[in-house]
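Q: Here is what each chain is made of, one letter per residue.
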Amino acid sequence: MFPLARFRIEDASMEPALRAGDYVLVNRWAYGRRGPRSGDVVVFRDPEAPARLLVKRVERVDPSGAVLVRGDNDAFSRDSRAFGAVGREGLIGKVVLRARA
Amino acid sequence: MSRLHTILGALDRLAPAEVAHAHCDIPCGIYDPHHAQMAAHTVIRMVDLIGQLEKPGPNSTPEQRQEFHNKLARYIATKEQHAEIYKHEVRVLWGDYFKPEHLQQFPTLHDAVWKALKAASKGRQEINLQAAEDMLQHANEIAETFWKTKGVGTVKGKAPYPTARETVYPKVA
Numbered sequence: 176m177f178p179l180a181r182f183r184i185e186d187a188s189m190e191p192a193l194r195a196g197d198y199v200l201v202n203r204w205a206y207g208r209r210g211p212r213s214g215d216v217v218v219f220r221d222p223e224a225p226a227r228l229l230v231k232r233v234e235r236v237d238p239s240g241a242v243l244v245r246g247d248n249d250a251f252s253r254d255s256r257a258f259g260a261v262g263r264e265g266l267i268g269k270v271v272l273r274a275r276a
Numbered sequence: 473m474s475r476l477h478t479i480l481g482a483l484d485r486l487a488p489a490e491v492a493h494a495h496c497d498i499p500c501g502i503y504d505p506h507h508a509q510m511a512a513h514t515v516i517r518m519v520d521l522i523g524q525l526e527k528p529g530p531n532s533t534p535e536q537r538q539e540f541h542n543k544l545a546r547y548i549a550t551k552e553q554h555a556e557i558y559k560h561e562v563r564v565l566w567g568d569y570f571k572p573e574h575l576q577q578f579p580t581l582h583d584a585v586w587k588a589l590k591a592a593s594k595g596r597q598e599i600n601l602q603a604a605e606d607m608l609q610h611a612n613e614i615a616e617t618f619w620k621t622k623g624v625g626t627v628k629g630k631a632p633y634p635t636a637r638e639t640v641y642p643k644v645a
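As they're listed, the protein sequences go chains A and B. With our numbering as the guide, the letters of the first sequence map in order to residues 176 to 276. With our numbering as the guide, the letters of the second sequence map in order to residues 473 to 645.
Since the hints were made in silico from the structure, they are not lab data. Hints are supplied without guarantee of correctness; some may be wrong.
Calculated pairs, EDC-like style, for lysine to aspartate or glutamate (alpha carbon to alpha carbon, straight line, at most 16 angstroms) [what the hints assert, rightly or not]:
(1) LYS594(B) / GLU638(B)
(2) LYS571(B) / GLU185(A)
(3) LYS269(A) / GLU605(B)
(4) LYS543(B) / GLU526(B)
(5) LYS587(B) / GLU605(B)
(6) LYS590(B) / GLU556(B)
Which stretches of chain A does chain B cover? Using the computed rule of at least three CB atoms under 8 angstroms from a CB of chain B, they are [said to hold, decoys possible]:
(7) 180–187
(8) 222–235
(9) 252–259
Even for Gly, the Cβ is constructed at its ideal location relative to N, Cα and C.
Excised from the complex, chain A in its bound form (with noise of 0.2 angstroms):
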């Protein structure tokens, strides 16, 4: 598997971090050895819809591995306030590098 990915951002959650229409790289090999950190930006599957990405910040890492996420716009953001921890196999990588539309 090819390390990076890239994704399209929808939505206003990350803002100003993270706008709409910006594309991000995500190196899907990051958290292989090390694990994610608080401050991280990481694109991750939604625990309630598998099928949905998402993408936010590291808030905390629990002792167990898993993460707390949070929007750094957090009036207008769904996170791990609504939808608890985040487990590192739901993890897809960091996000490495952002191009602003």
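Dock chain B against the given chain A, drawing on the hints supplied.
A: Quick look at chain B alone, frame taken from chain A:
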């Protein structure tokens, strides 16, 4: 627009990038269990109407039979549709509105949602008044919990529709 964005945009036309949602379900915070309760009333009403529909006898004309089938098909279609609306509305409340702390406060919530969805499947599949009544009862339970999480009191009253079943309403000043 950055050069990188232009390049990625061109790539996107060759092989579309997957979408990552910075999801917000706008309009944020606009939820109401009333839609589910209404849909349950509609299913009850359709079961009633199907029951009241006069079946064409052996001496009925083709026109009478056609009329019967037309009405029956319309009632069934509406029942199907509203049972599905009910399930959708319950799932939205469950998945999007209710938070883990609500569940701690109301530990029977998952069970009420599960029963509501099961009743709706039955209400959709069958011509079953009990299942339709169960749909409303579970929607009322969910509504009570919903309004409690909002700090809004509720009243139970007879619905002002032909179904006239007891329904939970918020006491909004």
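Q: Which hint numbers doesn't this structure obey?
A: Hints 1, 2, 3 contradicted; others consistent.
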